[in-house]
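Top to bottom, those sequences are chains A and B.
Add 1034 to a position in the first sequence, counting from 1, and you land on the number used in the working numbering.
Add 5 to a position in the second sequence, counting from 1, and you land on the number used in the working numbering.
These are computed hints drawn from the structure, not numbers from a lab.
Every residue, glycine too, gets a C-beta built ideally from N, C-alpha and C.
A few of these clues could be false.
According to the in silico footprint, chain A covers these stretches of chain B (three or more CB under 8 Å from chain A) [stated by the list, open to error]:
1. 63-77
2. 80-86
3. 125-133
4. 222-235
5. 269-281
Facing chain B, according to a computed beta carbon distance under 10 Å, are these residues of chain A, among others [what the hints assert, rightly or not]:
6. G1056
7. Q1094
8. G1106
9. W1107
10. P1305
11. L1307
12. L1316
13. F1346
14. A1363
15. Q1364
16. I1366
17. A1367
18. L1369
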Amino acid sequence: MEPLALLSQSKVLVVTGKGGTGKTTVCGVIANLAAQCGLHVLVLQVGEGPSDGALARPSQLARLFGQEAAIGWEATALAWVPNGGRVEARLLQPDVALVEYLHLHGMRRLSRRLVSSGALDVVATAVPGMPDLLVLGKVKQVERAAAARRPGAPDLIVLDAPAAGHAVRFLQSPHGLLDAVAGGPVRSQAEEVVSMLSDPARCQVVMVTLPEETPVTETIETAYLIEDRVGAHLGPVIVNGRLPRLELAGSLTPEAVRAVADRSGVVLSGPQLADLCAAGRLRARRQEAQAEQVARLGQSLALPQLELPFCFNASLGPPELGTLTQSLAQGIAGLSLAAP
Amino acid sequence: MTEPRVIVCAGPGGVGKTTASAALALQGAQRGLHACVVTIDPARRLASTLGVDGLGNEPHLVSSVGGGGQLWALMLDTQGTFDQLVRRYATSPGQAEAILRNRIYRNIAGALSGAQEYMAVEKLYELQEDGRFELIVVDTPPAQHALDFLEAPGRLVRLLDNRVFRLLMAPTRAGAHVLGLGAQLLLRTVAKVAGGQVVSDTVEFFGNFEGMEEGFRARAERANALLRSPQTSFVLVCSPRADAVEEALQLVPRLQSVGAPVRTIIVNRSYPRFANAPEAPSAPPPLGDLVANLRQLGQVAASEDAEVARLASALPGAKLCRVPLLAQEPSDLSALAEVASYLG
């Protein structure tokens, strides 16, 4: 299918995955591809700490786009495409979201007092899930603006959600509050967020995994929880870090390699021969282990898989972003068209 | 008996913190210590290796190692630990039951961010008092929450000290008429935002805690002191990838600012360095792929070295241990022993 068709199915893509699976990188890659398709994309990152912390260092997402910006509450532009597409990013922090919420609901005077007295801690304690709901409420507000095509509103929102274990709790928070809160604005906020999360035309969840045992196991478990407890529609699973396949089988004994080298006039020292074989065996074992996990994922989850290649660089920047974006586009092109 | 040594493992998510924690405890056992690892959320196969895949909030003997050493493990049960704490400090069984039944309490113990961290510290404190262990290794939730771990006991004390909290407790003591203006305003706001039911549940919940604050506070302060005592050291666990290193670097000044000394860095899953790459730009198929592979793995290893150097230079005094990428995830004791062999 066309990348644009997949990326236009929902206004919000919630991207989640176990820590270390490259969730933020995948958010950047999806956003970059959507921008290349001409969309205005907003990446929303969820800040877990208070708004004054963790902002000093340049963001990993910005670095992927070759920028050194720190991402905060106000939108930061990360990329422009000549066809009109662009990528912006914002960091959503619960405490800033609360102050904004109170301002919008005519409680401006109280908001500062609520935050400065530490009462927010008490409220968050008394109403668990409140910080998560505040963040999701903000996502919903942006989504409504996008759906109404308000000026400046994005075409696509990519939510860089908390890591897998926390994601279920995060996405479940409005359901929990519906049980706990009988009425008032929190209840209606929770209801509106639940209806956004459970409508595939408005929102779908993209899970990111590595082709390794523990991430695959957790992805399978989290997928069922997200379907059952959150009621959200699951989009394709992104398998990140797949080693590009080299045909190494049968060529891993020193004798076989030596014979090929001799025939083609390549001179190999003993240590070179040993390293070629050792590195080849490592690669072959890793390729095989990855293939097993990808197969297991496919058997356990009836979701399309999109693979992104392993980058032979520990630090990802614009060159890797380009490669990964192209791989994602090719992967989507290979999917058969399916209704959400 | 001498005070046990405590090692706290902190670091970003998905870098193998639980494995490193278990390997450190195993290493202690191999050196003849009675060592216990507190895991937070182990992967399934590691959990079954450690025998913590079932229920139970108590340490469990995994293996006796030669030389008198023992490896123990436990998986933290946040709710169970919290319930125990409430029972311990309740002034009567009735008070404990009232709290345990309270809907808000159930939410707090299960879902409050920081509850898990606080209960991990609580468990650590309990094991330290237990007397059976000479080394306790604690796994912590991922980096963004690692500061929560250090702050958890303090946060509870602050909550108990909070002016608003104290005001909320007042009504059940002497009737609602003594409720101050500030508290009334706050309650009205909360009621407006979250509904009146939440306010009455909250007031009831905090009211139920009456008489327990002192016990909680004293314990939180002792747990806090343990985290900052000389017998406790911190290990930063990381992978050699830029994003993980970046998260770890954010953690370093925070750990330093609360006086938590990082004495060891464990870098997990490093690609091995192959020093002898041949020059063979256009070799035929099997050889060509092998040469390409060697070049690609060499690129990763070199870029990983640069990331590790960045991390190491932020912690000049710390010992650096690198664990190579293993073919399989460590899931039995011999694989854990292999990891431990790289920990110096």
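For each hint, the structure was consulted:
{"no.": "1", "hint": "63-77", "verdict": "violated (count 0)"}
{"no.": "2", "hint": "80-86", "verdict": "violated (count 0)"}
{"no.": "3", "hint": "125-133", "verdict": "violated (count 0)"}
{"no.": "4", "hint": "222-235", "verdict": "violated (count 0)"}
{"no.": "5", "hint": "269-281", "verdict": "holds (count 4)"}
{"no.": "6", "hint": "G1056", "verdict": "holds, 7 Å"}
{"no.": "7", "hint": "Q1094", "verdict": "holds, 5 Å"}
{"no.": "8", "hint": "G1106", "verdict": "violated, 15 Å"}
{"no.": "9", "hint": "W1107", "verdict": "violated, 18 Å"}
{"no.": "10", "hint": "P1305", "verdict": "holds, 4 Å"}
{"no.": "11", "hint": "L1307", "verdict": "holds, 8 Å"}
{"no.": "12", "hint": "L1316", "verdict": "holds, 7 Å"}
{"no.": "13", "hint": "F1346", "verdict": "holds, 4 Å"}
{"no.": "14", "hint": "A1363", "verdict": "violated, 23 Å"}
{"no.": "15", "hint": "Q1364", "verdict": "violated, 20 Å"}
{"no.": "16", "hint": "I1366", "verdict": "violated, 24 Å"}
{"no.": "17", "hint": "A1367", "verdict": "violated, 26 Å"}
{"no.": "18", "hint": "L1369", "verdict": "violated, 27 Å"}
Against the hints set out earlier in the document, violations occur for numbers 1, 2, 3, 4, 8, 9, 14, 15, 16, 17 and 18.
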